[in-house]
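Chain F: place on chain Y using the hints.
If you want the building blocks of each chain, they are given just below.
Protein chains: 2
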Amino acid sequence: MKENKYDDPQFFEQYSKMSRSVQGLEGAGEWHELKKLLPDFTGKTVLDLGCGFGWHCRYAAEQGAAQVTGVDLSEKMLKRAKEMTRSPNIQYIRNSIEDFPYPENAFDVVISSLAFHYVENYGKVCRRVYNSLKDGGYFVFSVEHPVFTAQGKQDWYYGPDGKPLHWPVDNYFTEGCRNAVFLGNKVKKYHWTLTTYLNVLTEAGFSLCHVTEPQPDPSMLDLPGMRDELRRPMMLIIKARKTSR
Amino acid sequence: MKENKYDDPQFFEQYSKMSRSVQGLEGAGEWHELKKLLPDFTGKTVLDLGCGFGWHCRYAAEQGAAQVTGVDLSEKMLKRAKEMTRSPNIQYIRNSIEDFPYPENAFDVVISSLAFHYVENYGKVCRRVYNSLKDGGYFVFSVEHPVFTAQGKQDWYYGPDGKPLHWPVDNYFTEGCRNAVFLGNKVKKYHWTLTTYLNVLTEAGFSLCHVTEPQPDPSMLDLPGMRDELRRPMMLIIKARKTSR
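Chains Y and F, in that order, give the protein sequences. Here the first sequence is numbered in the working numbering, starting from 74 and rising by one per residue. Here the second sequence is numbered in the working numbering, starting from 74 and rising by one per residue.
Next comes chain Y alone, as it looks inside the complex:
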């Protein structure tokens, strides 16, 4: 069984208080960058892997998607997603990203927001996404940046004054499991190098369209701690396209 931290009541409660959980897309620091990379959804069939509260599913439907499928392993997340969803074009399916039975040539767009760093076999998922996309279809996803996941603690290295001195990078080329701390809880995550994130895609048959390391929106820079977000990349957004071989 895959780790299902989001059904842990304490973790779920803490996650529910994050600004991205309360305010949705506008509360997510990377949304202004992710949004730019999303294709036109009009009339499209969309799959959202690790859909959580369904914010991206509802956005796709609002933008004209004909059919949206949100997949998540957490019952609690999906319950909340359903409560917030009115559109008949959205269906939620409880499954892990690895075990979802990807139908062939079924989707125009596959999206995933900050979920793949929980997936043990990123390569297998990419190959299944490729098969599940129609020709010309787009795959757009965000993950925690390899600089952020490499060392494992996911925290700054602090100086004697208690302030962040710099961001520590270590074990970069040692890929695989990390015992990270997220919202005060131990969470299993997976670190992959940038090379792996990109080359698995090209080897699966995708063309690379765009790679972005989102920075905070300039309007947010005066919020407490936000300038530290300019000191190291935290996320990586990748846009790829299924093109005929």
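Watch out, some of these pointers could steer you wrong.
Identical copies look the same in the list; a pair holds intra-copy or inter-copy alike.
What the hints assert, rightly or not - Straight-line distance between alpha carbons at most 30 Å, and here's what the computed DSBU-like set of lysine-lysine pairs gives:
| hint | residue 1 | residue 2 |
| --- | --- | --- |
| 1 | 236 | 259 |
| 2 | 226 | 207 |
| 3 | 197 | 108 |
| 4 | 226 | 75 |
| 5 | 78 | 152 |
| 6 | 90 | 207 |
| 7 | 108 | 155 |
Please keep in mind that the hints were generated in silico from the structure rather than gathered at the bench.
Here is chain F on its own, set in the frame of chain Y:
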């Protein structure tokens, strides 16, 4: 005038002692990865930006290139390059990467090894390379990795025992000049984010073919200090292609 550190006698002497200077391509830790990304050179017209001692120029000629142009700002580097070159298919031109008068639709392949982190206007160079490539031509280059250049000191953060504790990353999104130390000398380098390295290419019209963070060849891992090279990425190799718009 561009900084021309390689004509500084002391710096030149130290650079000349590096294994990549003495042994050539086989003495360069990233060569086994760069080599894989180079296209077929048979009958091709090739430009090498920042050619140094001309190792890559001679390799291209040996692989069948019809004509190879090596560009470098350093007179001392080019003098040595010419001394080591027998092939009539190779010409060396003394100029900076920025000021070289890129002829239009002239080259099948443009390569550059570890030179662009000295270039102040990376974007301008990429756009000129695009115009100077024939349609379908390849642009393959290596640079110091943004993780390596971000903080500026280009050194480990050491623990109390004097051993490398981790690699410090800071000021990642603050692009531009860094006063780095290389071979004990102060050298001006430029830091660009991964986002910039890739998006400047796609905006210029290139398709991204491959991105690799080279690791040491497994056969080299028992050399002193080599295992530390697995702790952080030091280089980035990018392969892009000029495709019709």
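- Of the numbered hints stated previously, which ones are contradicted by the structure, given in increasing order? The structure breaks hints 2 and 6; every other hint is satisfied.
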